[in-house]
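A.B. asks: Below, each chain spelled out in residue letters.
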Amino acid sequence: MNPRYRPLAATTLIFIVAYALCIMQYPSMWSTRVLGNFLTDNAFLGIAAVGATFVIISGGIDLSVGAVVGLAGVLSAVLITKLGLHPLLAFAIVLFVASAFGAGMGAAIHFLRVPPFIVTLAGMFMARGVASILTQDSIPIDHEFYRTISSLYYLLPGGGRLSVIGLLMLLVFLVGGVIAHKTRFGSYVYALGGNPTSAALMGVPVGFTTIAIYALGSFLGGLAGIVYSLYTSSGYPLAAVGMELDAIAAVVIGGTLLTGGYGFIFGTLIGVMLQGLVQTYIVFDGTLSSWWTKIAIGLLLFMFILLQKLVFSAQGRRTRLQKVPA
Amino acid sequence: MKILRTLALGASMIAICCTAASAAGLTVGFSQIGSESGWRAAETSVTKQEAEKRGITLKFADAQQKQENQIKAIRGFIAQGVNAILVAPVVATGWEQVLGEAKDAKIPVILLDRGIDASKDLYLTSVASDQVKEGSVAGDWLVKTVGDKPCRVVELQGTVGSTPAINRKKGFEEAIAGHKNISIARSQTGDFTRSKGKEVMEGFLKAENGGKNICAMYAHNDDMAVGAIQAIKDAGLKPGKDILVVSIDAVPDIFQAMAAGEANATVELTPNMAGPAFDALDAYLKSGKQPEKFIITQSKLYTPADDPKGEYERRKGLGY
Numbered sequence: 001m002n003p004r005y006r007p008l009a010a011t012t013l014i015f016i017v018a019y020a021l022c023i024m025q026y027p028s029m030w031s032t033r034v035l036g037n038f039l040t041d042n043a044f045l046g047i048a049a050v051g052a053t054f055v056i057i058s059g060g061i062d063l064s065v066g067a068v069v070g071l072a073g074v075l076s077a078v079l080i081t082k083l084g085l086h087p088l089l090a091f092a093i094v095l096f097v098a099s100a101f102g103a104g105m106g107a108a109i110h111f112l113r114v115p116p117f118i119v120t121l122a123g124m125f126m127a128r129g130v131a132s133i134l135t136q137d138s139i140p141i142d143h144e145f146y147r148t149i150s151s152l153y154y155l156l157p158g159g160g161r162l163s164v165i166g167l168l169m170l171l172v173f174l175v176g177g178v179i180a181h182k183t184r185f186g187s188y189v190y191a192l193g194g195n196p197t198s199a200a201l202m203g204v205p206v207g208f209t210t211i212a213i214y215a216l217g218s219f220l221g222g223l224a225g226i227v228y229s230l231y232t233s234s235g236y237p238l239a240a241v242g243m244e245l246d247a248i249a250a251v252v253i254g255g256t257l258l259t260g261g262y263g264f265i266f267g268t269l270i271g272v273m274l275q276g277l278v279q280t281y282i283v284f285d286g287t288l289s290s291w292w293t294k295i296a297i298g299l300l301l302f303m304f305i306l307l308q309k310l311v312f313s314a315q316g317r318r319t320r321l322q323k324v325p326a
Numbered sequence: 001m002k003i004l005r006t007l008a009l010g011a012s013m014i015a016i017c018c019t020a021a022s023a024a025g026l027t028v029g030f031s032q033i034g035s036e037s038g039w040r041a042a043e044t045s046v047t048k049q050e051a052e053k054r055g056i057t058l059k060f061a062d063a064q065q066k067q068e069n070q071i072k073a074i075r076g077f078i079a080q081g082v083n084a085i086l087v088a089p090v091v092a093t094g095w096e097q098v099l100g101e102a103k104d105a106k107i108p109v110i111l112l113d114r115g116i117d118a119s120k121d122l123y124l125t126s127v128a129s130d131q132v133k134e135g136s137v138a139g140d141w142l143v144k145t146v147g148d149k150p151c152r153v154v155e156l157q158g159t160v161g162s163t164p165a166i167n168r169k170k171g172f173e174e175a176i177a178g179h180k181n182i183s184i185a186r187s188q189t190g191d192f193t194r195s196k197g198k199e200v201m202e203g204f205l206k207a208e209n210g211g212k213n214i215c216a217m218y219a220h221n222d223d224m225a226v227g228a229i230q231a232i233k234d235a236g237l238k239p240g241k242d243i244l245v246v247s248i249d250a251v252p253d254i255f256q257a258m259a260a261g262e263a264n265a266t267v268e269l270t271p272n273m274a275g276p277a278f279d280a281l282d283a284y285l286k287s288g289k290q291p292e293k294f295i296i297t298q299s300k301l302y303t304p305a306d307d308p309k310g311e312y313e314r315r316k317g318l319g320y
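Protein chains in written order, with the UniProt record's numbering: chain A, 1 to 326; chain B, 1 to 320.
Bound-form chain A, shown alone:
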């Protein structure tokens, strides 16, 4: 097997083994209900994590995702319930605002040469602050369109539900995968993460790519916020607090290198599912403290960083050894 795929294979293998172990203990975890829940319950995290994957492959980081999710949800709720806009129009406005917000952060990172960590940290505070100014409480969204979307699902045999938002997440992963691996923009992202200087020398439009990456990240954050508002039929300024860290964890567990230049969109899907699996297991057990989720994710994260170190340092040694005889 191509060693490039090892981290991805390891993640997938761990997911399958872990799921099999869970099923051995709780046979009802193997049901279409649980599989449907994996998609529906993690839809907003998955969508945001696709954006985070692009940002991390490019060698950056985006800490504002969770706050953008909260802001997008509240903004949708305000536009629909207070201004009486149709949800689809509200969604368009929300996605535009989110993309512009991300583009602004990208521009600050590129032109002012401020580290992404600082810029997106500022973005996080701003987005969360604006969301809390719009409203302090949770705003219920009572609209025909929302009811239709949430009552639309494909009933699987066994009572599981394939929901609109679950399918939307799969679609985002599919499109994300195509963009990352099959388009010129995708190769720019990898080149930028590999080495920005040589990328610029090779003719990658660094400024445009950076701005586009953060715009895409926030666009997907906005989409995740809309999905969150569909998920709870309400907008809440404190929604998804700290979710950016879950998204980053999913990306790293999915085999993407935190230093950039290497990673897979599909791996992030497995990373998200693995987190969902841990949470579901803890609910099925029913006696463990839910904080064990964090411990399990922490351990997985640590394991994968270690694994990446091993794989990549082994690779590095081999190439050096091969060069010596020449």
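A hint or two may mislead.
To be verified - Below 27 Å or equal to it, Euclidean Cα-Cα: the simulated DSS-like pairs (lysine-lysine) are:
no., chain 1, residue 1, chain 2, residue 2
1, B, K48, A, K294
2, B, K238, B, K212
3, B, K233, B, K309
4, B, K48, A, K82
Hints are computed from structural coordinates only; laboratory data are not their basis.
Add chain B to chain A, keeping to what the hints say.
C.D. replies: Same frame as chain A, but now just chain B:
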């Protein structure tokens, strides 16, 4: 062979179940908000105890203050096929979808201590306290205790604008309304905290001739009362004698004060919301009896006659 053994085990378990409490053998999922206050921690431990007492297998999920975690947990409970679900909802909105799924799966849902903005047929019943009643029980106690003597009361309110503060004030005022000899002389917020309660009480004492004009102190929660007791002692007066002390919640510390003769009465906000919930559930599953939509827990009055030492011992391990 294995099947036989399983059958035998099953049969013996059924035998055990039906000699014990009748709710035995049920599996109930409980989605708790978190453990942000002592009362909530106590609610969690009491729910676990009540489940154990009845032989119910409790699946507990702490949502860490996040609605998405609660929704996930409820979906997980449905996938597991539990017999019923208890929820203490963190916010009032956004429950239609997931509770609709529970309804479709024919799993009854019971709300604990908070309500939701959703159709009433999405849940079997809700168990909560009546905060106005809590205030009026405290007021009634004072009316009975002072009799015809004139009494100037100082009031320590909870956080301004919070529902319990509004309701507990209202209930108390209703109870003393018909009694001209009792009046609220001063009323200020102590934010439900011990330190703020002490500070505000110090102000009251100074303003009321060193406390000589005050006959009773009413606090919207026990924590503020404990702070106020300290302030009264610092001013050289005897709390519980010179100034009557009445408050609400019945946390362990107020029983300690009561045992020392420094507090006179407290009204319980019971952490046992699960007991009535399990009773309603049991009746519903056994005979299909629809419970009342809103079950109100008892607001019990505790005075030094109710064994404060014992109450303290009973409560101190619950996590308050």
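A.B. asks: Now look at each hint and say whether the structure bears it out.
C.D. replies: Results of checking the hints against the structure:
no.	hint	result
1	B:K48 - A:K294	holds (23 Å)
2	B:K238 - B:K212	holds (11 Å)
3	B:K233 - B:K309	holds (21 Å)
4	B:K48 - A:K82	violated (43 Å)
Going down the numbered hints, you'll see the structure goes against just number 4.
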